[in-house]
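Undergrad: Residue numbers (my numbering), protein chains in the order written: chain A, 119 to 538; chain B, 119 to 538.
Don't take each hint at face value.
[As the list claims (entries may be wrong)] In silico lysine to aspartate or glutamate, EDC-like type, Cα no more than 20 Å apart, as pairs:
1) B:K127 to A:D246
2) B:K322 to B:D358
3) A:K220 to A:D364
4) A:K127 to B:E348
What the hints contain is simulated information worked out from the structure, not anything from laboratory work. This one's a predicted model, so the numbers in the text were calculated from it and none came from an experiment.
Protein chains: 2
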Amino acid sequence: MSEPSPPNKISQRARTNLETPVPLRVNLIRALPTLYHPTLNPTGGINMGLAHNDLMQKELLEKVSTCLAFEPSDLDYGDPHGSRILRGLVADLMNRHFKPVKALHFRNITVVPGAGAAVWQLIQSLADPGDAVLVFAPYYGNFDLDVCVSTGVELVPVYPHTSMDGALAPEWDTVPHAKILLVTNPRNPHGCCYSVEDMIKILKFASTHSLHVIFDEVYGLSTFDDSNFEPFTSILSLPDIESYIDPQLVHVIYGMSKDFCMNGLRLGFIVDQYNLDLRSAVTISSMFGYMSTVNDRLACNLLKDTEWIDWFVTTSQARLSQAYRLATDYLDSLDLTYLPSGVGPFIVVDLRRLFSRSTMTFELESAIWEAALDNGVYVAQGQVFHVLEPGFFRLTYTLEWSQVKKGIDIFHRTIKSFVV
Amino acid sequence: MSEPSPPNKISQRARTNLETPVPLRVNLIRALPTLYHPTLNPTGGINMGLAHNDLMQKELLEKVSTCLAFEPSDLDYGDPHGSRILRGLVADLMNRHFKPVKALHFRNITVVPGAGAAVWQLIQSLADPGDAVLVFAPYYGNFDLDVCVSTGVELVPVYPHTSMDGALAPEWDTVPHAKILLVTNPRNPHGCCYSVEDMIKILKFASTHSLHVIFDEVYGLSTFDDSNFEPFTSILSLPDIESYIDPQLVHVIYGMSKDFCMNGLRLGFIVDQYNLDLRSAVTISSMFGYMSTVNDRLACNLLKDTEWIDWFVTTSQARLSQAYRLATDYLDSLDLTYLPSGVGPFIVVDLRRLFSRSTMTFELESAIWEAALDNGVYVAQGQVFHVLEPGFFRLTYTLEWSQVKKGIDIFHRTIKSFVV
Numbered sequence: 119m120s121e122p123s124p125p126n127k128i129s130q131r132a133r134t135n136l137e138t139p140v141p142l143r144v145n146l147i148r149a150l151p152t153l154y155h156p157t158l159n160p161t162g163g164i165n166m167g168l169a170h171n172d173l174m175q176k177e178l179l180e181k182v183s184t185c186l187a188f189e190p191s192d193l194d195y196g197d198p199h200g201s202r203i204l205r206g207l208v209a210d211l212m213n214r215h216f217k218p219v220k221a222l223h224f225r226n227i228t229v230v231p232g233a234g235a236a237v238w239q240l241i242q243s244l245a246d247p248g249d250a251v252l253v254f255a256p257y258y259g260n261f262d263l264d265v266c267v268s269t270g271v272e273l274v275p276v277y278p279h280t281s282m283d284g285a286l287a288p289e290w291d292t293v294p295h296a297k298i299l300l301v302t303n304p305r306n307p308h309g310c311c312y313s314v315e316d317m318i319k320i321l322k323f324a325s326t327h328s329l330h331v332i333f334d335e336v337y338g339l340s341t342f343d344d345s346n347f348e349p350f351t352s353i354l355s356l357p358d359i360e361s362y363i364d365p366q367l368v369h370v371i372y373g374m375s376k377d378f379c380m381n382g383l384r385l386g387f388i389v390d391q392y393n394l395d396l397r398s399a400v401t402i403s404s405m406f407g408y409m410s411t412v413n414d415r416l417a418c419n420l421l422k423d424t425e426w427i428d429w430f431v432t433t434s435q436a437r438l439s440q441a442y443r444l445a446t447d448y449l450d451s452l453d454l455t456y457l458p459s460g461v462g463p464f465i466v467v468d469l470r471r472l473f474s475r476s477t478m479t480f481e482l483e484s485a486i487w488e489a490a491l492d493n494g495v496y497v498a499q500g501q502v503f504h505v506l507e508p509g510f511f512r513l514t515y516t517l518e519w520s521q522v523k524k525g526i527d528i529f530h531r532t533i534k535s536f537v538v
Numbered sequence: 119m120s121e122p123s124p125p126n127k128i129s130q131r132a133r134t135n136l137e138t139p140v141p142l143r144v145n146l147i148r149a150l151p152t153l154y155h156p157t158l159n160p161t162g163g164i165n166m167g168l169a170h171n172d173l174m175q176k177e178l179l180e181k182v183s184t185c186l187a188f189e190p191s192d193l194d195y196g197d198p199h200g201s202r203i204l205r206g207l208v209a210d211l212m213n214r215h216f217k218p219v220k221a222l223h224f225r226n227i228t229v230v231p232g233a234g235a236a237v238w239q240l241i242q243s244l245a246d247p248g249d250a251v252l253v254f255a256p257y258y259g260n261f262d263l264d265v266c267v268s269t270g271v272e273l274v275p276v277y278p279h280t281s282m283d284g285a286l287a288p289e290w291d292t293v294p295h296a297k298i299l300l301v302t303n304p305r306n307p308h309g310c311c312y313s314v315e316d317m318i319k320i321l322k323f324a325s326t327h328s329l330h331v332i333f334d335e336v337y338g339l340s341t342f343d344d345s346n347f348e349p350f351t352s353i354l355s356l357p358d359i360e361s362y363i364d365p366q367l368v369h370v371i372y373g374m375s376k377d378f379c380m381n382g383l384r385l386g387f388i389v390d391q392y393n394l395d396l397r398s399a400v401t402i403s404s405m406f407g408y409m410s411t412v413n414d415r416l417a418c419n420l421l422k423d424t425e426w427i428d429w430f431v432t433t434s435q436a437r438l439s440q441a442y443r444l445a446t447d448y449l450d451s452l453d454l455t456y457l458p459s460g461v462g463p464f465i466v467v468d469l470r471r472l473f474s475r476s477t478m479t480f481e482l483e484s485a486i487w488e489a490a491l492d493n494g495v496y497v498a499q500g501q502v503f504h505v506l507e508p509g510f511f512r513l514t515y516t517l518e519w520s521q522v523k524k525g526i527d528i529f530h531r532t533i534k535s536f537v538v
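Pulled out of the complex, with its shape left as it was, chain A reads as follows (with noise of 0.2 Å):
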């Protein structure tokens, strides 16, 4: 008998997965040692790249510090997706506020360390090696990782907008092996919300190619002006949604990062109500992703105060409006173009009237997005959303208003220095 080979330092699925292009990842990795950090880097960079959102920190860091308990039995095993108490207080939060037409029990609540692993589990559980999850795009950077890290599934945006900002096109490709849609609604990068006629639409296309269809509604809450903009409506909300689609092919995606700006506490959420294979598979999965008995009594301390919680929805989108207006007020001053939006801490500002076709490229942007964090902002740039024309620019307006005037000023500064 021969001798074995030797073997392989890593997997091939491994190997694939440091292999997968993340251009969202590259830019992070490159943009993290240089940011402000309190005790790291006390003279580091602004971050208007991520989207975090200190509007409430104060008001937070206050109900946080009364929610922190430890009890005897803590120090046993807690549930790996979530007590049953945490799973029906999540359920009653989106009872109140996204109006489901059935209302949510503690059964359809699964909890996962946050929104991106709620993807990844939904991706391994919905489809096999070989498939494909169609995605409208631009889209989220680390999608790219949330769906095909180990999964052997492969990532195909669809761009299905007229324009950046524009609607919903007539109609839209598929790719024969697909067999998820994934929808970010509201979207991301730039905020702003499917009407009810849109979501009938795509819920009949993934009925009609067949599709399982995921919406991730983790700024669901993040809404500040429904009087210019479309409003949020949430699938869940939808009626008669078995006269457009199997429901048990319909997945939905909350979770704590954004709209109550806790992105450290990785509180992701999967939403389901129709299949219960679904739920069963998410459950083992679960496992690798346990919740930590800490989290689990932070989380139910937090939301059982319903009184707080309601009132911090409506503080945190008046706060948002505000800051809002601050930060398009100085782009308006400064001669900055950006898509209008009403919602989530983002906007994204538009440099394409600023240069000629021709000079606005991809490299051009990446030069931009560079020289804005040698100079100390650090944004995010189109290509990291997937974005099919260059010039667009991600920029987080929710930080302490010194700080989004001072960035801006720098990113201001670093533009012109391009133009010619």
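Use these hints to put chain B onto chain A, whose structure you have.
TA: Below, chain B without anything else, positioned relative to chain A:
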């Protein structure tokens, strides 16, 4: 064009996950609703089936309550695989207690939500669909899931010991498609440690057959009788490991669930000193088990009090010794046979002497297990650890003595009802 066929409710891999036979899980699902819970089931049965340890509970609760904290930066994204500070503290802990040949550094540690998640991460990073993982059997029954969920990998038990409590046999089997050997040291269910000679033999076997080898050392600091039993030696402390195997193929799992009596906090560690690609791979996939900042900070505050931690280890071992003596003296008084042990929170009771060889079947073992549960005590039957011969039961003895005594009494009474 023909209509696409209706999509499956879940993927084939999710279906396979649901259909994987896992005796441990079957028993757990049957047992859990019957067991004592302070609020949900105050009159429930005694849990001697799970490996949990209440002997240090009072001191642990006092300490943990002083370690709970939350800082403004905890609202922001933390590190999916543990903060640099936490990873450094884990490295320090293991440098003090596992005596690695080469001192560990924060870069050598990846934090994941429990040792089960560590197994899963390593399997999918080291093996591909169609590969096999050899596991030294009997083994911790949840490996059936930790190894197989969504990995496409086959788990193949190997019985390398001459008997349940016997030495390593001169040689043991492999299969052609094996890529990994999984070894638990100290062993579970029978708490005992491999000698240095055994470990060298294991490494040489792995090297000869081109296998990665994973040492799960989660009970490494739960030894309490080194004078009568083989003491624990971490594979990290083995000198000249490279003379036996390429050290890039050797991987270690540790965690705080067992030695630190905190199953609920989900602190599992992958330790690697030689395989950079593997570290990069698990850094990416750790995103789907993303560490919460509140858990990270709690663990840091706990581990940084090294004096307390080291006191805890010593005191816990002394209490294990005392509790083991109480429990085994009582088993002796009832004339129940057990496998003597010097490590871990459980004892393996051997009923074979009480029944004729033809009477003691796996059916009888299951009937005794079921009857004991109905009578008020949950124990772990040998079958869930894939023991080859029927008649073994693992009993956790690290509860309050009155509970242990009551549990043994119920178990003893149950057994007697089966003896003709």
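Undergrad: Does each hint hold? Answer for all of them.
TA: Hint check results:
1. Between K127 (chain B) and D246 (chain A), the direct Cα distance comes to roughly 12 Å. Compliance with the 20 Å bound is thereby established for this hinted pair.
2. For the hint pairing K322 (chain B) with D358 (chain B), the CA-to-CA distance comes to about 13 Å; that is within 20 Å, so the pair holds.
3. Between K220 (chain A) and D364 (chain A) the alpha-carbon distance is near 15 Å, which keeps this suggested pair within the 20 Å criterion.
4. About 32 Å separates the Cα atoms of K127 (chain A) and E348 (chain B), which puts this hinted pair outside 20 Å; it is violated.
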